[in-house]
Amino acid sequence: MTATDAPTSGQIAPDTPPRHDPAAMPALSVGGVSHSYGPRRALIDINFSVAPASFTALLGLNGAGKSTLFSLVTRLFGIQTGRISIFGHDIGLAPGEALRLLGVVFQPRTLDLDLSVTQNLLYHAALHGIARREARLRSGEVLARIGLADRAGSKVRDLSGGQMRRLEIARALLHHPRLLLLDEATVGLDVKARADILSHVRQLVTEQGIGVLWATHLFDEIKPSDDLVVLHQGRVLAHGEVARVIADAGADDVNSAFMRLTGAAADTGSPAP
Amino acid sequence: MSSTTVRQDQNGFSLAEYATCLNGIVWREALRFLHQRERFVSALVRPLVWLFIFAAGFRQVLGISIIPPYETYILYEVYIAPGLMAMIQLFNGMQSSLSMVYDREMGNMRTLLVSPLPRWYLLFCKLLAGTAVSLLQVYAFLLIAWFWDIAPPPIGYLTVLPALILSGLMLGALGMLISSGIKQLENFAGVMNFVIFPMFFASSALYPLWRVQEGSPLLYYVCLFNPFTHVVELIRFALYGQTNWISLAVVGGCTAAFMIGAIYAYDPSRGLIRRGPAGGET
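Quick note, the sequences are listed as chains A and B, same order. Counting in the working numbering, the first sequence runs from 4 upward without gaps. Counting in the working numbering, the second sequence runs from 478 upward without gaps.
Chain A on its own, in the form it takes in the complex (with noise of 0.2 Å):
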């Protein structure tokens, strides 16, 4: 990803849902967006997009606005101003095709607890209209990928943090989603719950081409072959490949320049140039 594949909200046509092949389109593009809580500024006029099969980090401290972002993608709130679209479909025009082709992971959990794995599984597939028979073939295979077919029955109060983790991420695959979003998915894991999720991921983007966006505030979890957008205060202070944006910094490593980009944002009360 690079500045100038960024879309501005004028590339994104708003009378003409796109009907393009998907593969020759970002998987995620976010062009122009700001959202406030009444006077309140979440987000500021943010503009990026995602690659199929890469793996983007959003990096930002807590109170970034990164799951507010999640929010306007998912369609949780609606879009107060620019554009969303997801393998060139906008997510206010054509949410249908849009969420189809997305697959999330929240940062609460969102399982029912008091129904087994498989339960929950299948709730997911029907709401994405996937037929019973169907549903049960793909929820044994995803089972199988994330090492949870011996917990099937079980309830999912039942499993551990790191296993209901999992077991969100398989239940976000379960469509087949070419996009998959996760917030801060790793929170609150023992240090290899969290290394194997995020290796997991990674296999997702490299074995079936799946972009993913990564929420994060924990720089170890970058690596710099990934994709990175800075996000501080509701601003989008960088963007592009680590290397670059660690250069560009005049940085060492994502940490320092991630440091230097927010007391710099701290320093002028805006965006890093």
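It should be emphasised that the hints constitute simulated quantities derived from the structure, not laboratory data. Any given hint could be a false lead.
[Unchecked claim] Where chain A lies over chain B, by a calculated footprint (3+ residues, C-beta under 8 Å):
hint: 1; stretch: 489-496
hint: 2; stretch: 544-556
hint: 3; stretch: 582-595
Quantities reported herein were computed from a predicted structural model and do not represent experimental measurements. Cβ atoms here follow ideal geometry from the backbone N, Cα and C, with glycine treated the same way.
Since the structure of chain A is provided, determine the placement of chain B on it from the hints.
Chain B alone, transformed into the frame defined by chain A:
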């Protein structure tokens, strides 16, 4: 499923996909209901307490004259049975509303709302699922009441079904509308005080309207304009194979209005837009 062989709507979803979604939501609601047996028991105990204790005590105090749809003098227990059936649905509607607020606070609601199917349809499925659960409760109540010699004509068990479906939808939609305006679970106690109790007591559930009019003309008008009165009367007439057209129109109109209101309130560009993200998120 090939797109060339299956009819799809303008959003690109086939009828089978809509049916699968409905089936899934009703199935989940049924599972939750089965997991919460206490909810089923308490939903039954409440009207039975009214029937066995309250009605037995008031039988001698409150005389019921012959009013439609009854063709003879009836016991007070017989009179309040439709009101208690409506009460079951009222509590069930508010219980569904409570569970929606809970789901929203816990995050489960997001699973539903990020489905690609149209949001109005998802909410309608949720409503149908809640109504199906309320029907089970009402028929269980009718079975117990039958042993208490409160038995409508046999055909009444069938003719009351459409009335129960409509009233279940109306009260469920009301609950959904209310849930959209409640920001925290703790605020739900207010629903008991300001919705359930006034709706139930200011209606024809416990006493006929002509008796209310004798006591207080003002309360009579309050009862007359209370949609719950019309839910009770719709069920009462349907239980005897008759249709109260005014009540049918009021309940039908209120169902549509509450449903439109709920869909409007849950529209992302309107209702949810005013809320910030859940606690701890930004």
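Now for the hints, and whether the structure bears them out:
Check on the stretch 489-496 of chain B: 6 of its residues sit with their Cβ under 8 Å from a Cβ of chain A, so the three-residue criterion for coverage holds. Counting residues of the stretch 544-556 of chain B whose CB lies closer than 8 Å to any CB of chain A gives 0, so the stated coverage by that chain is violated, three being the minimum. Residue count for the stretch 582-595 of chain B with a Cβ under 8 Å from a Cβ of chain A: 12. That meets the three needed, and the coverage hint holds.
Of the numbered hints listed earlier, the single one contradicted by the structure is hint 2.
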